[in-house]
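From first to last, the protein sequence lines are chains A and B. Here this note's numbering runs 65 ahead of the position in the first sequence, where the first position is 1. Here this note's numbering runs 5 ahead of the position in the second sequence, where the first position is 1.
Check the hints yourself; a few may be wrong.
Said to hold, decoys possible - Just so you have them, the derived chain B footprint on chain A, three or more residues with Cβ under 8 Å:
(1) 108-117
(2) 176-187
Claimed, not checked - Calculated from the model, a selection of chain B residues having no Cβ within reach of chain A, i.e. all distances over 10 Å:
(3) A19
(4) S55
(5) H69
(6) G96
(7) L136
(8) T220
(9) H230
(10) Q335
(11) Y352
(12) T360
(13) A385
(14) Q391
(15) Q407
(16) V411
What the hints assert, rightly or not - The list that follows gives simulated cross-link-like pairs (lysine-lysine, BS3-like), each with its CA atoms no further than 25 Å apart:
(17) B/K412 to A/K188
(18) A/K111 to B/K154
(19) A/K188 to A/K107
(20) A/K107 to B/K154
(21) A/K188 to B/K23
To be clear, the hints were calculated from the coordinates, so they are not data collected in a lab. All C-beta atoms, glycine included, are put in the ideal place defined by N, C-alpha and C.
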Amino acid sequence: MRKAATVSAAASRLGTHVVVQRAQALWCSRGLVGNFARRELKSRYKGSLLGWVWSLVNPLATLGVYVLIFGFFLKFAPPVAGNGLLRNFALYLFTALIVWNFFFSVVTGSMEALRNAGPLLRKIHFPPWTPIAGSALAMLAQTGIELGLAIAIYLALDNVGWVLPLVLVLLVLLVSFAFGLGLVLALLNARLRDIAYLTQVALNLLFYATPIVYPIDLVRQRYDAHPWARLYELNPVTQFVEAFRDVLYSLRAPSLPRFALLTVVSLGTLAVGAAYFARGSRDVGEEL
Amino acid sequence: MSGELPAIVVQDAAKRFKRYRDQRTNLKEVLTQRGRRNRYDEFWALDGVSLEIPRGSTYGLIGHNGSGKSTLLKLIAGIHRPTRGTVTTHGRVSALLELGAGFHPELSGRDNIYLNGAILGLSRRQIETALDQIVQFSGLADSIDTPVKVYSSGMYVRLGFSIAVTLDPEILVVDEIIAVGDEDFQRRCFDHIHELRRRGVTIVLVTHSMSLARTLCDHAAWLDHGQLKVEGPPLEVVDAYLATVNEAESQRLRQDSEVSYDASRRGSGEVRVSQVEFLGPDGHAGPTGISGQPLTVRMRYEVQTPIDGVVFGLGFHHESGAHLAGPNTQASGMGAIRLDRDGCLDYRLDPLPFTPGVYLVTAAVVDRTLLHVYDYRDRAFELHVQPAYGPEVPGMVLLDGQWHLVK
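Chain A with its partners taken away, still in its complex shape (with noise of 0.2 Å):
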């Protein structure tokens, strides 16, 4: 019985001892992940004449595409914005667009980061983890940048809420998610590399799956004669393009079911993410 005891007594401070260990890992690696992103942001402009402006002039062009289509052609209608005066389908279309931006960049990013780290992880003993995240923190800086674009002409429009500071507790839940979903399929496709391609596949559906070149009342509206249509409410990107569009464009804080449901999501994939990725990826060097 007592050395039953002291054997327990040992393993759990074996496991405290593991956690802090981790832990530290975890910090000491803030590094490394730091240079990762530095790196991919530094060299994505090498060499281009414009340089950063080009971080802005791409996602305004997509922006100008859909905007002339569905804006203007197809004429669908925006709500009217938080301060009840603004009525605007670009800057509508735009909150979307950051969402799916960063959602879209760090999913295909993932895989690619793990896949130009393979040589890297055959020489070098280092977490496999850290090139992903760096890739997903240069994506975050290219995001932040978009948003300090939107958050500025909704200031300039006077159409800002005290539920702004909201916007970083759903950046932090969509980080979460697509790392999450990044480490998974990044590991997956150094496997098999059809993940990649697949993937590209389901993001253009997911793309038209989520209300981001539409209202999402456009959808709705069916709910009463296909009941089946609700499902598309569960895709969680659909949930973060309302929630941030719920704080950016309408002034309101999203509702608490879509609240709750985008933490426990989100929290949930990146807690599956890195428990799978830590358990698969010790001999990923050797599958890449």
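Since the structure of chain A is already known, use the hints to place chain B on it.
Just chain B, lined up with the frame of chain A:
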């Protein structure tokens, strides 16, 4: 206590790799070949190796290509996990398996110092403190802010090494990096390794240079097909390894000489030079000699018909073509030689008066008139003269002159 603990304990370590038959898996293969499990071969790169590496020692791993040396290094460095067995390290491990790994071609040398340093485990502050030293050490102050894609391969490696120098490991794992770079760079590598040794760092290195294994290491291990062949003092291990290599080589040469017609060979064949060997000061035969150190050129001959009045000669050509020397037994006043059966003849040089480089050696057996040729093997043997320690001397030959200051 910790001083007595070995720095690295390898227990029955084995590593299995999958060798995929054809490229990689894709979805189609998974769906259509399910159940067919042999898409890949398995092979054991390392198969049950046990050894202890004492703290503060320099440990050499030798063996032919594919013997598992690098795999063992990677297990020690933590890059791979053993499939079976354990590898335990006590101390901070730094691995130098490739210099400049992880450099991004588009980024400047400076940016890459931060990146590579972080990958190697240095904190930003550590890199910042060492930055000037790194730049100075690399000798790249002028081009540190240009992208590394325009660097020459030498500059690339130099920058990588300069970053590695700032690491402060307790255990250093080195894979043949000393083989790259110019002489100056190699010297610096050696100096650095000696410095680390003085500091009591445990060093594990893979090397194909037997002289390096002999001179630098305190212990050595010879791996063969993933298994530990011999372990112990470097002299013994190197000898055991070389004995097998030489045996394999002479076997191959014997086979080669049976099939190939030697165009550079002529003569009537009563006496034939079967082999020329170069023996260093330690009496070991190899294709190398050390500049300024004693060297014995041993000619092995085979006698088909007993014969009298034989003269042996040697010719030394620099790889650039210059004919440097052509000693023979008659000119040296040795007199006519009578040969009845196979044997060998030594030509002793003390010191070997050539500077480092590749020399081609001709061996000849002629009669005393020097007109009739029994066997003539024109530049058939290669002598690799290696540098000794000390300053480099230009030219091809070392002169044994004396300097006197006359006032």
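Regarding the assertion that B/S55 does not contact chain A, is the least Cβ-Cβ distance greater than 10 Å? holds (22 Å)
Given hint B/K154 paired with A/K111 - CA-CA distance at most 25 Å: holds (12 Å)
Given the hinted pair B/K412 and A/K188, is their alpha-carbon gap at most 25 Å? violated (61 Å)
Claimed clearance of chain A by B/T360, with the beta carbon kept past 10 Å: holds (36 Å)
Beyond 10 Å from chain A, beta-carbon-wise, is B/T220? holds (27 Å)
Is the Cβ of B/G96 more than 10 Å away from each Cβ in chain A? holds (14 Å)
Distance rule for B/Q391, whose beta carbon must clear each one in chain A by more than 10 Å: Its Cβ never comes within 10 Å of chain A, the nearest being 29 Å, so this holds.
Under 8 Å between beta-carbons, do enough residues of the region 176-187 of chain A, three at least, approach chain B for the coverage claim to hold? Since three or more residues must qualify, the claim that chain B covers the region 176-187 of chain A holds, with 4 doing so at under 8 Å.
With d taken as the least Cβ-Cβ distance between B/A19 and chain A, does d exceed 10 Å? The claim stands: B/A19 keeps its Cβ more than 10 Å from every Cβ of chain A (closest is about 14 Å).
No chain A beta carbon within 10 Å of B/Y352's: The assertion about B/Y352 holds, with a minimum of 47 Å to chain A.
Closer than 8 Å, Cβ to Cβ, for at least three residues: run that test on the region 108-117 of chain A against chain B and report holds or violated. Per the Cβ count (3), the hint holds.
Determine whether the non-interface label on B/V411 survives the test: each CB of chain A must be over 10 Å from its CB. Holds, since 59 Å exceeds 10 Å.
Figure legend: structure checked against the earlier numbered hints; the only hint not met is number 17.
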